[in-house]
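Student: Make a model of the complete structure from these sequences and hints.
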Amino acid sequence: MFNDITSKSLQLNDKKLSTTLDMALEAAKSGARILQYYFHNLQKLIVHNKNDNDLFSQADKESEREIIDTLTIAGNEYSVVTEESGGNIGKVATWYIDPLDGSTNFIHGIPHYSISIALVAHAGTFINEIKLEKDTPIVGVIHDPSRNETFAAILGHGALLNGRQIKCSNTEYLNKSIVSTGLPYNNCLYHEKQMKILKDMLKNTRSIRRMGSAALDLAWISCGRYDGYWEFGLSAWDVAAGTIILREAGGICEDITNKNPWPANNGWILAGNKSIYMDLLDMIRPKISNITN
6 MFNDITSKSL QLNDKKLSTT LDMALEAAKS GARILQYYFH NLQKLIVHNK
56 NDNDLFSQAD KESEREIIDT LTIAGNEYSV VTEESGGNIG KVATWYIDPL
106 DGSTNFIHGI PHYSISIALV AHAGTFINEI KLEKDTPIVG VIHDPSRNET
156 FAAILGHGAL LNGRQIKCSN TEYLNKSIVS TGLPYNNCLY HEKQMKILKD
206 MLKNTRSIRR MGSAALDLAW ISCGRYDGYW EFGLSAWDVA AGTIILREAG
256 GICEDITNKN PWPANNGWIL AGNKSIYMDL LDMIRPKISN ITN
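For the sequence shown, the working numbering gives the first residue as 6, with consecutive numbering after it.
Keep in mind the hints are simulated off the structure, nothing from the lab. Treat the hints loosely; a few may be bogus.
[Stated by the list, open to error] Computed cross-link-like contacts, DSBU-like style, restricted to lysine-lysine with a CA-CA straight-line distance of at most 30 Å:
1) K264 - K198
2) K21 - K96
3) K172 - K279
4) K136 - K264
5) K292 - K264
6) K264 - K139
7) K172 - K264
8) K139 - K21
9) K181 - K208
10) K55 - K201
11) K34 - K66
12) K96 - K66
13) K139 - K201
14) K139 - K20
15) K34 - K198
16) K198 - K292
17) K201 - K181
18) K139 - K96
19) K279 - K264
20) K279 - K136
21) K49 - K139
22) K21 - K172
23) K34 - K49
[Said to hold, decoys possible] Pairwise CB distance ranges (calculated):
24) A79 - R152: 38 to 44 Å
25) A79 - D287: 42 to 48 Å
26) S23 - K96: 30 to 36 Å
27) E31 - N180: 40 to 46 Å
28) D205 - N175: 19 to 25 Å
29) L203 - H113: 38 to 44 Å
30) R214 - K21: 15 to 21 Å
31) I135 - N263: 19 to 25 Å
32) I135 - K96: 15 to 21 Å
Backbone N, C-alpha and C define an ideal beta-carbon position, used for all residues, glycine too.
Tutor: Quick look at the structure:
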């Protein structure tokens, strides 16, 4: 269904990226219609466990199918990787799709969840005649159906919230910051490390939030609601869109281990505005060094 474009077309320009963003925006809205139907009819959900505490329902699958169908109808040319169905990485670029980020919130009737769609261009692809030396998220959309908020970005063109430009906060000091995180549900080693980090964060920040949607955590840094974020053990579809949106909003979003060009393979993510990012890094890295080396 998804045939990647040929190697002779390893070039993307602003016009192509704008069209691609429009496709992603339409796909996100299509998926959201599925989610909102089920959110207002939770009694119809059939809930399954991937493993302990990792829940999903038919809403995830139907949203994913609607997103992919919308991209296909719009003329999608790229490979697709999704949370529910997997997929294959393409030669030029790959879509990373999370059709429902925040499944546990959704299933429990908590209106804090999102759809995350990103296009990641691979090393060797040309963007406006500039060759990428490493894999790079280039288009991102995060849609929050409950608040009707859509965050979007194209590489080099800033970040938007419902069509208005957004920027990260100007918070200069860690003790004035609000930071967010997530708690891994299936790795006790992460729990131990996280508890040590949380103890320091409680002492050194204004407040901590744990809301349950990694994509929205990154989006909220992008518009200045949060100042920083860290989490372990995420997947590429969790953070791809948030990475490009946050970077285009003037923030930093990186693989905390410095092993990947963006937090794709191991999900060790650290993000923040430029003023507090290094303070966060200095606090977190020593506590995880023995499992990231």
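Student: With reference to the structure, classify each hint as holding or not holding.
Tutor: Quick rundown of the hints versus the structure:
1. For the proposed pair K264 and K198, the alpha carbon gap of about 19 Å is at most 30 Å, so the pair holds.
2. Among the hinted pairs, K21 with K96 is consistent with the structure: their alpha-carbon atoms are about 17 Å apart, no more than 30 Å.
3. Note on K172 and K279: the hinted pairing holds, with a Cα-Cα distance of about 11 Å set against a maximum of 30 Å.
4. Taking the CA atoms of K136 and K264, the gap is about 21 Å. The hint holds against a cut of 30 Å.
5. Between the alpha carbons of K292 and K264 the distance comes to roughly 17 Å, so the proposed pair stays at or under 30 Å and holds.
6. With a C-alpha separation of about 12 Å, the suggested pair K264 and K139 falls inside the 30 Å cut-off, and the hint holds.
7. The hinted pair formed by K172 and K264 meets the criterion: a straight-line CA distance of about 27 Å does not exceed 30 Å.
8. For the proposed pair K139 and K21, the alpha carbon gap of about 20 Å is at most 30 Å, so the pair holds.
9. A threshold of 30 Å between alpha carbons decides the hint, and for K181 with K208 the separation of about 11 Å falls inside it, so the pair holds.
10. Taking the CA atoms of K55 and K201, the gap is about 28 Å. The hint holds against a cut of 30 Å.
11. Distance hint between K34 and K66 is fulfilled; the C-alpha atoms sit about 15 Å from each other, no more than 30 Å.
12. With a C-alpha separation of about 26 Å, the suggested pairing of K96 with K66 holds against the 30 Å cut-off.
13. Simply put, K139 and K201 have alpha-carbon atoms about 33 Å apart, too far for the 30 Å limit, and the pair is violated.
14. Simply put, K139 and K20 have alpha-carbon atoms about 22 Å apart, close enough for the 30 Å limit, and the pair holds.
15. Restraint check for K34 and K198: the C-alpha separation of about 37 Å exceeds 30 Å, so the hint is violated.
16. At roughly 7 Å between alpha-carbon atoms, K198 and K292 fall within 30 Å of each other, so this suggested pair holds.
17. At most 30 Å may separate the alpha-carbon atoms for a hinted pair to count; K201 and K181 meet this at roughly 20 Å.
18. Of the supplied pair hints, the one linking K139 and K96 holds, its CA atoms being roughly 13 Å apart against a limit of 30 Å.
19. A threshold of 30 Å between alpha carbons decides the hint, and for K279 with K264 the separation of about 20 Å falls inside it, so the pair holds.
20. The hinted pair formed by K279 and K136 meets the criterion: a straight-line CA distance of about 26 Å does not exceed 30 Å.
21. In summary, the hint linking K49 to K139 is not supported, as the alpha carbons are separated by about 44 Å, beyond the 30 Å threshold.
22. Straight-line distance between C-alpha atoms of K21 and K172 comes to about 24 Å, which keeps the hinted pair within the 30 Å bound.
23. Between K34 and K49, the direct Cα distance comes to roughly 21 Å. Compliance with the 30 Å bound is thereby established for this hinted pair.
24. Checked against the hint of 38 to 44 Å, the pair A79 and R152 fails, with Cβ atoms roughly 25 Å apart.
25. A beta carbon spacing of about 44 Å between A79 and D287 agrees with the range 42 to 48 Å that was offered as a hint.
26. Between S23 and K96 the Cβ separation comes to about 22 Å, which falls outside the hinted range of 30 to 36 Å.
27. Checked against the hint of 40 to 46 Å, the pair E31 and N180 passes, with Cβ atoms roughly 43 Å apart.
28. At about 23 Å, the CB distance of D205 to N175 agrees with the hint of 19 to 25 Å.
29. At about 23 Å, the beta-carbon gap between L203 and H113 misses the expected band of 38 to 44 Å.
30. Restraint check, R214 to K21: a C-beta distance of roughly 37 Å breaks the suggested window 15 to 21 Å.
31. For I135 and N263, the hinted distance range of 19 to 25 Å is satisfied, since their beta carbons lie about 23 Å from each other.
32. At roughly 18 Å, the beta-carbon separation of I135 and K96 lies within the given 15 to 21 Å, and the hint holds.
Hints 13, 15, 21, 24, 26, 29 and 30 from the list above are not met by this structure, while the remaining hints are.
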